Structure formats: C-alpha cells, structure tokens
Amino acid sequence: MILKTIADQLNIAAQCRKYNLSLWQCPQFIFLVMGLIIIFSSLFTYAIGTRYISDPYMVAIVVLLVASILFVLSTIISHSFDKLAEASRMKTEFVNIVSHQLRSPLSNLKWVIELLFSGRIGAVSEKQTEYFKILKENSSRMEELISDLLIVSRIEQGRFPQRKEKIFLKDIVQGVIKNSEIFARASNVQIEFKAENDLPSVFNDPSQAKLIVENLVDNAIRYTKERGKVEVSLVKKKNHLILSVKDSGVGIPKNDQKYIFQKFFRSANALKHQTEGSGLGLYITRSIIEKFNGRIKFNSQEGVGSTFLVTLPIK
Amino acid sequence: MTKTILFIEDESALQKTFGEVLTQEGYSMISALDGELGLRMAESKKPDLIILDLILPRMNGFEVLKSLKESEETKNIPVIVLTNLGSMEDVDKAISLGATTYLVKADYKLEEVLEKIAAIIKQ
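So the sequence lines, in the order shown, correspond to chains A and B. Using our numbering, you'd call the opening residue of the first sequence number 5 and step up by one each time. Using our numbering, you'd call the opening residue of the second sequence number 45 and step up by one each time.
Possibly wrong hints are sitting among the right ones.
DSBU-like cross-link-like pairs, simulated, lysine-lysine; straight-line CA separation at most 35 Å [what the hints assert, rightly or not]:
id: 1; chain 1: A; residue 1: Lys168; chain 2: B; residue 2: Lys110
id: 2; chain 1: A; residue 1: Lys168; chain 2: B; residue 2: Lys47
id: 3; chain 1: B; residue 1: Lys110; chain 2: A; residue 2: Lys174
id: 4; chain 1: A; residue 1: Lys87; chain 2: A; residue 2: Lys182
id: 5; chain 1: A; residue 1: Lys168; chain 2: B; residue 2: Lys160
id: 6; chain 1: B; residue 1: Lys160; chain 2: A; residue 2: Lys131
id: 7; chain 1: A; residue 1: Lys168; chain 2: B; residue 2: Lys137
One side of the interface only, derived from the structure: several residues of chain B facing chain A at Cβ under 7 Å [said to hold, decoys possible]:
id: 8; residue: Ala57
id: 9; residue: Asn128
id: 10; residue: Leu154
id: 11; residue: Leu158
id: 12; residue: Lys160
Please keep in mind that the hints were generated in silico from the structure rather than gathered at the bench. All figures in this text were calculated on a predicted structure; none of them were measured in a lab. Think of the CB as a built atom: it goes at the ideal place given N, C-alpha and C, for glycine as much as any other residue.
Could you build the full structure based on these sequences and the hints that come with them?
Right, dumping it as structure tokens:
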C-alpha cells in the first residue's frame with residue numbers, strides 16, 4: 005500500500021497529465037530536474053574544485069554556471085505555478101459566470117411551472133400535472149446543482165463570508181429534520197433526534213449552519229436502505245457542541261473513504277445506490293465547518309452504515 | 045385605488061409571468077427592460093412599488109437603486125430587489141442603498157414573492 009503510494013507520487017508523467025500540462029510546464033517535473041541538477045552540479049563542483057584547486061577562477065566559473073542554470077529553472081517553476089494559479093482562477097470564474105447565467109433561465113422556468121401548476125391560467129388535467137411534476141423535479145435538481153457550484157466557486161474565491169449571530173443549533177437541527185420528513189417518509193426512513201437540554205448557543209452564521217445539517221441529514225436519508233433509520237444527536241462536550249448523524253445506509257467503501265471530502269467525488273457504492281448528486285455536498289460541508297473552526301470526521305462500514313461527527317466550538 | 049408596480053427586469057419571460065399574476069392579484073403592472081428606462085418610468089409614473097433586477101442593460105440595478113433613493117421624487121417608493129445575485133456583499137450593498145427587501149430568485153416560490161409584494165404594498 006505504502007509502496008503503491010510512493011510509486012504513484014513518483015509517477016510524475018501521470019501527475020502532470022492530471023493538470024493537463026506539458027512536462028516543461030509541470031512543477032513536479034521541473035522540481036525533479038532541478039533536484040537532479042543540484043545533485044550532479046554539487047558532485048561536478050566537488051570534482052572541479054578538487055582537480056583545479058590551484059585555479060579558483062575555474063571553480064568560480066563553474067559555480068556561477070550552476071547557479072545560473074538553477075536560476076533559470078526557478079524562473080520556469082515560478083511561471084508554471086503562475087499558470088496553474090491562473091488556470092484555477094479562470095476555472096473558478098468560469099463556474100461562477102456559467103452558474104449565474106444558468107440560474108436566470110432556471111428561475112424563469114421554475115416560476116412558469118408554478119404558474120401552470122397553480123391553475124391561475126386555466127385548469128390542468130391530471131396527466132398534465134404528472135408531466136409538470138417531472139419538469140419541476142428536474143428544474144429543482146438543476147437549481148440545487150447550480151447553487152452548490154456557486155457556493156464552491158465562492159469558497160474558492162475566498163468570497164464566502166460568514167455572518168456572526170447567536171444561534172441555537174438544536175433549533176436549526178429540528179427545523180432541518182422537520183423539512184426532511186417528507187423525503188424521509190418517501191424513502192421509508194425513520195429519523196430520530198436526541199439533544200441534551202439547555203445546550204448553549206454558538207456564535208455563527210445561521211444559513212451556513214443550516215447548510216451543514218441539511219447536507220448531512222440529506223445524505224444520511226439518501227444513502228439509507230429501505231426501512232432504515234437515521235439517528236441525529238447533539239451533545240455538549242467541554243467547549244464544543246458535537247453533532248452526530250448516523251445512518252444504517254450503504255456505507256462508504258474503505259478505498260473511497262479518503263476521497264469523500266473532495267469536490268465531485270462520488271463513491272462507486274453511492275453511485276450504485278443513488279445516481280443523483282453532484283459530489284459537492286461534503287466538500288461544501290467540510291469547508292464551512294473549517295471556517296467555523298470546527299472539525300468533521302466519520303466512521304463507515306460498507307453495508308452497515310456511516311456516522312458523521314461534527315465538532316463545533318461554543319465560543 | 046389600483047396600486048401600480050413597476051417591474052424592471054430584462055428577462056421578457058419573467059415580465060410575462062409577473063404581468064399575468066400581478067394583474068390577477070389586482071395590481072397594475074408597468075415594465076421596463078433596462079435600467080435607464082426603468083429609472084425614467086419611476087420618475088414619470090411614480091409607482092407604488094418597484095421590483096428591480098440587478099443585472100440589467102444600460103444601467104445596472106445598483107445604479108438605478110442609488111438614483112431612485114437620491115431623488116426627492118422617488119426616494120420613498122419601496123424597492124424589492126429580485127435577482128439571482130446572492131452573495132452577501134450584494135445583499136449588504138442593496139440594503140445599504142435603500143432597498144426595502146432583497147429576494148434571491150432561486151430561493152423563492154412565485155406565491156412567496158407575491159406575499160412579500162402584498163405585505164410591502166400594504167404598509
């Protein structure tokens with residue numbers, strides 16, 4: 005396992021391909037070349053130094069030459085990093101623009117569907133209602149995806165500020181569970197919530213706290229098998245509140261566990277169970293929790309279920 | 045008396061949808077497809093409420109809002125910002141410029157927007 009990790013790290017060509025960069029634009033490759041040059045130039049300088057000990061000019065020229073090569077390589081590396089940073093910035097900007105542009109027609113679509121549904125412009129037959137429902141569900145899915153993409157682009161641009169307000173996490177969890185009841189019932193999943201009495205408030209952003217709870221509870225329901233159970237609890241431990249969301253779901257395969265907080269990652273197991281989903285929820289959840297100075301961890305066993313634990317500081 | 049709502053929005057699909065529901069709710073709706081025209085109509089028609097998008101041709105919604113609130117003739121007209129820009133900076137900016145409320149299109153149902161309109165127009 006360790007050897008495989010080392011082999012993967014050493015496979016520089018594959019790593020550069022991942023960035024879509026040529027070898028001479030790829031920092032890993034240039035670092036490797038630079039390392040080799042440093043080793044050989046040190047040996048070469050030593051050889052020259054001992055051979056031409058009586059001719060310090062020659063030694064100085066060689067040292068100067070080596071330093072110049074290293075300088076040129078450092079400049080190339082710096083340019084490569086610039087390119088990577090620029091590519092990342094452009095990608096984030098692209099996601100931002102596209103998401104905004106997609107949002108407008110989707111809002112129009114959503115409201116037109118609502119108008120049709122409302123019967124304000126004439127009665128709708130049962131069959132038409134059925135198809136309007138499909139339209140509505142699909143536009144909602146796209147809206148959720150776009151909303152997630154926008155949050156990700158704001159996180160990456162460092163433009164995801166937090167309001168500081170006194171919030172009671174227990175109320176937020178109760179609200180989210182209440183809103184999830186229909187989805188849970190439709191999925192044949194039972195939700196249980198236990199919280200200690202008199203839990204203190206935390207000083208943070210209410211909408212972002214809600215997003216954390218929503219993502220975890222939604223995932224727990226989504227990946228729970230029929231007639232399953234989701235247990236949510238909230239307790240105080242020293243100066244922290246600990247939110248636990250436990251499901252009896254499909255679980256996360258061991259090999260996938262290290263990737264689940266990465267953007268767009270969806271484990272093969274999750275895909276098999278539920279094709280819907282962008283793979284952004286846990287990335288967003290962790291980013292917000294870290295902004296709250298909190299931590300998230302999980303235990304999971306394939307076929308048995310997962311438990312996500314969020315630790316948030318009280319002050 | 046019938047209340048007049050000025051709808052400043054460059055999406056004609058939304059103009060049509062809101063035109064339908066606002067008329068049904070008993071309001072009279074006038075509309076502008078760009079910011080500059082919207083501002084001129086606000087000055088000339090003195091509506092009871094303005095619904096304003098932020099991404100608009102010619103003059104963006106922030107500029108329109110600023111001008112509306114700087115003018116003696118229009119500064120007391122309530123403005124609902126109805127947009128897809130949802131960052132906190134945008135919300136804060138619009139509220140500090142004098143918007144009565146800020147609604148992100150993606151977050152509201154049509155009926156909820158109508159409720160907000162009714163609540164503000166009754167005040």
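Here is how each hint holds up against the structure:
no., hint, verdict
1, A/Lys168 <-> B/Lys110, "holds, 28 Å"
2, A/Lys168 <-> B/Lys47, "violated, 39 Å"
3, B/Lys110 <-> A/Lys174, "violated, 40 Å"
4, A/Lys87 <-> A/Lys182, "violated, 47 Å"
5, A/Lys168 <-> B/Lys160, "holds, 26 Å"
6, B/Lys160 <-> A/Lys131, "holds, 32 Å"
7, A/Lys168 <-> B/Lys137, "holds, 18 Å"
8, Ala57, "holds, 4 Å"
9, Asn128, "holds, 4 Å"
10, Leu154, "holds, 4 Å"
11, Leu158, "violated, 10 Å"
12, Lys160, "violated, 14 Å"
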